[in-house]
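**Student:** Put together the whole structure using the sequences plus the hints.
These protein sequence lines are chains B and P, in that order.
Position in the first sequence (first residue = 1) + 50 = my numbering.
Position in the second sequence (first residue = 1) + 450 = my numbering.
There are no misleading hints in this set.
Below, a list of computed lysine-lysine pairs in the DSS-like style, where the Cα atoms sit at most 25 angstroms apart:
#, chain 1, residue 1, chain 2, residue 2
1, P, Lys735, P, Lys649
2, P, Lys647, P, Lys658
3, P, Lys777, P, Lys735
4, P, Lys647, P, Lys735
5, P, Lys557, B, Lys127
6, B, Lys127, P, Lys555
7, P, Lys693, P, Lys647
8, P, Lys649, P, Lys693
9, B, Lys328, B, Lys243
10, B, Lys127, P, Lys797
11, P, Lys554, B, Lys127
12, P, Lys658, P, Lys889
Hints were generated in silico from the structure; no laboratory data involved.
Nothing here was measured: the structure is a model prediction, and the numbers come from that model.
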Amino acid sequence: MSQSLSLRAGIVSILLLLAFIGAWWGATLPTQVDLGDMDPEYAAMMGLDSVQESDIPTPGDIGSAIWTHLSDPFYVKGSNDMGIGIQLAHSLWRVLAGFALAALVAVPLGFLIGMSPLMHKALDPYIQILKPISPLAWMPLALYIIQDASISSIFVIFICSIWPMMVNTAYGVASVRDDWLAVAKTLEVGPIKKAFKVILPAAAPTILTGMRISMGIAWLVIVAAEMLVGGTGIGYFIWNEWNNLDLANVIFAILLIGVVGMILDMIFGLLGKVVSYKEV
Amino acid sequence: MSTFDNPFDPNKSLHRGCTCGKHASQADHNAAVAATPNPTDEEAALNRAVESSVMRSLFPEDRTRRNFLKAVGVSTAMAAVSTLFPMAAAKAVAADPVGPLEKKKLKVGFIPITCATPIIMAHPMGFYEREGLDVEVVKTAGWALIRDNVNNGQLDASHMLSPMPISASMGIGARQQDTYVATIQNINGQAITMHNKHKDNRDPSNWKGMTFGIPYDHSMHNLLLRYYLAEHGVDPDQDVKLKVIAPPEMVANLKAGNIDGFLGPEPFNQRAVYEGAGFIHVLSKDLWDGHPCCAFGATKTFVEENPNTFSALFRAIASATVYAHKKENRPEIIDAIAPANYLNQPKIVLDQVMTGRYADGLGNIITEPERADFDPFPWESMGVWILTQMKRWGYIENEIDYADIAEEIFRATDARQRLAEMGLPAPEINSKKHMIMGKEFDPARPQEYLESFEIGRA
Numbered sequence: 051m052s053q054s055l056s057l058r059a060g061i062v063s064i065l066l067l068l069a070f071i072g073a074w075w076g077a078t079l080p081t082q083v084d085l086g087d088m089d090p091e092y093a094a095m096m097g098l099d100s101v102q103e104s105d106i107p108t109p110g111d112i113g114s115a116i117w118t119h120l121s122d123p124f125y126v127k128g129s130n131d132m133g134i135g136i137q138l139a140h141s142l143w144r145v146l147a148g149f150a151l152a153a154l155v156a157v158p159l160g161f162l163i164g165m166s167p168l169m170h171k172a173l174d175p176y177i178q179i180l181k182p183i184s185p186l187a188w189m190p191l192a193l194y195i196i197q198d199a200s201i202s203s204i205f206v207i208f209i210c211s212i213w214p215m216m217v218n219t220a221y222g223v224a225s226v227r228d229d230w231l232a233v234a235k236t237l238e239v240g241p242i243k244k245a246f247k248v249i250l251p252a253a254a255p256t257i258l259t260g261m262r263i264s265m266g267i268a269w270l271v272i273v274a275a276e277m278l279v280g281g282t283g284i285g286y287f288i289w290n291e292w293n294n295l296d297l298a299n300v301i302f303a304i305l306l307i308g309v310v311g312m313i314l315d316m317i318f319g320l321l322g323k324v325v326s327y328k329e330v
Numbered sequence: 451m452s453t454f455d456n457p458f459d460p461n462k463s464l465h466r467g468c469t470c471g472k473h474a475s476q477a478d479h480n481a482a483v484a485a486t487p488n489p490t491d492e493e494a495a496l497n498r499a500v501e502s503s504v505m506r507s508l509f510p511e512d513r514t515r516r517n518f519l520k521a522v523g524v525s526t527a528m529a530a531v532s533t534l535f536p537m538a539a540a541k542a543v544a545a546d547p548v549g550p551l552e553k554k555k556l557k558v559g560f561i562p563i564t565c566a567t568p569i570i571m572a573h574p575m576g577f578y579e580r581e582g583l584d585v586e587v588v589k590t591a592g593w594a595l596i597r598d599n600v601n602n603g604q605l606d607a608s609h610m611l612s613p614m615p616i617s618a619s620m621g622i623g624a625r626q627q628d629t630y631v632a633t634i635q636n637i638n639g640q641a642i643t644m645h646n647k648h649k650d651n652r653d654p655s656n657w658k659g660m661t662f663g664i665p666y667d668h669s670m671h672n673l674l675l676r677y678y679l680a681e682h683g684v685d686p687d688q689d690v691k692l693k694v695i696a697p698p699e700m701v702a703n704l705k706a707g708n709i710d711g712f713l714g715p716e717p718f719n720q721r722a723v724y725e726g727a728g729f730i731h732v733l734s735k736d737l738w739d740g741h742p743c744c745a746f747g748a749t750k751t752f753v754e755e756n757p758n759t760f761s762a763l764f765r766a767i768a769s770a771t772v773y774a775h776k777k778e779n780r781p782e783i784i785d786a787i788a789p790a791n792y793l794n795q796p797k798i799v800l801d802q803v804m805t806g807r808y809a810d811g812l813g814n815i816i817t818e819p820e821r822a823d824f825d826p827f828p829w830e831s832m833g834v835w836i837l838t839q840m841k842r843w844g845y846i847e848n849e850i851d852y853a854d855i856a857e858e859i860f861r862a863t864d865a866r867q868r869l870a871e872m873g874l875p876a877p878e879i880n881s882k883k884h885m886i887m888g889k890e891f892d893p894a895r896p897q898e899y900l901e902s903f904e905i906g907r908a
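**Tutor:** Below you can see the structure in the form of structure tokens.
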């Protein structure tokens, strides 16, 4: 039954996609334009032709953009024009660097907050104020103080990934069942051992969920950050193509961002499964 | 023998293929000198170079010089020559650096607009390489980022809007840092582009309530648009809204109707026409023929710490600017700067900008060969004009010495000397009168000029 459900869902997905592409194709058909007695030179300067291509790229344009970029993803034609694979690598590097730094700070701090009601109360106001700030709002300040565009974008990733991880870690640590802690106490387990052998495994699924949320946000933010600072990365790629109003390439990049984001999310989903446990 | 050897040594020859005679040509010699490390005592070496050239000019025949030195002895010769020629003064003049490059790998920023043509084309067309520089031209997302990255040294030098070095040097909307206009990049080459819905509303005095895009506050675009509106009785602060929009976003915003028009850099005016979003209302050339737009700037610190590198960079960019000025070179330049690594624009649009034969979006083909032009000389009077306007609109609030500031930032004297060394023509004066919308601007009387405007904050 479940197999036939997946099958039917798959068929519906494909039909929806086909319907969407069909409607898109229909809406972007070239139109006949009556140029009247327009000077052919003027028409050429305006990019006008009697058969006018649509402003919005057609499914065919997107297909050819995908093919062009994926068939040669690692070319370097100068410092401002590099293949999509290289751009993607730059973005991923920034995301991973910012994310790793955030994890280094957020997990220990989350532990502290989760284990100590005092620290929880003391730090809570700061977290509540800092958490809702849009990460990009930090960008001008970061650029001014750090004085390096690439490190500033890593900092922005850091600051946006830190909160979900910290809050989830604290929550996971605080919700470890009291009887487990009581057992640990009875067995006279030291505090370090207690943290690693009891609390960490118990809180791991919640921490992983926090990480998964953080990664999702980081991937959203990197595109915007790179559009601001330029240079390299998938966000810069979109900005550069926007400069040229080349929407086919912009749409290609949007699709790619979606696919990569999905893969990142799947990885954290799998990790979450590894550390999850069933309470008995 | 090298230029730095003793010219009073009778056994050495001063005349051969190059100044030292070891190389086939002067170019080879220069390359070899550039490659060798600093002479231990640079000043002494320079003095020797001066003495060499003086002796060469006094004794075109090397044999005569050797005989003269042998006959009278070196110290007598020195004294004799010194009475004939002010050797000390010549040595001081030559203190201008001619030594090896302090830094070869450089980062130079640019915004992808045709204003930056010389900075950009110098990369694919080898102008930097010819000077022994390894320059990376860095496409940058906006003017604020250019400001910050020049300020913090991530960029060694950069494409800037002409008012930006002034605002940086004065610390207005920027972290204070002395910054120079080494050369102007382009003159003219901007336009006011209006939304198609205003095709029948061409009189600016009817434009109250509209919203306009400008690329940056401290830009010629802002100052020219304000001037233009004010000349038509529209107060740019009270009657209209001026929005800072990055040039690439201008076309999309115009198309969406978020702005009624913009005074922006090319190719985005022509691109707006090409996209069917608007029409070219007036070229900036028709407001002020020969107005400066963008500059090639660097911080004082960079210039002083890297004098030879800066000279080389100046030579590369000045010669690219002069090359771009020549109309016959434009097609080759368009091919060089159109690709995605640089401007990333369709050639048909760039053609219209650079040749000046263009569609105006109203159904006419217009031929205006001076639409976009390139001229490196940084007139101090341009700086004074910018200062009057920055004061007029309240960007500068305190009393200032116009001529002093302009002279310090717009390096006209330096530029003349360097251009002359390159054998390029340069004006003999640093300041001249300009004609802006039919009104004369006299750089000698900035305050009077400022007070002559009815609309303004000063």
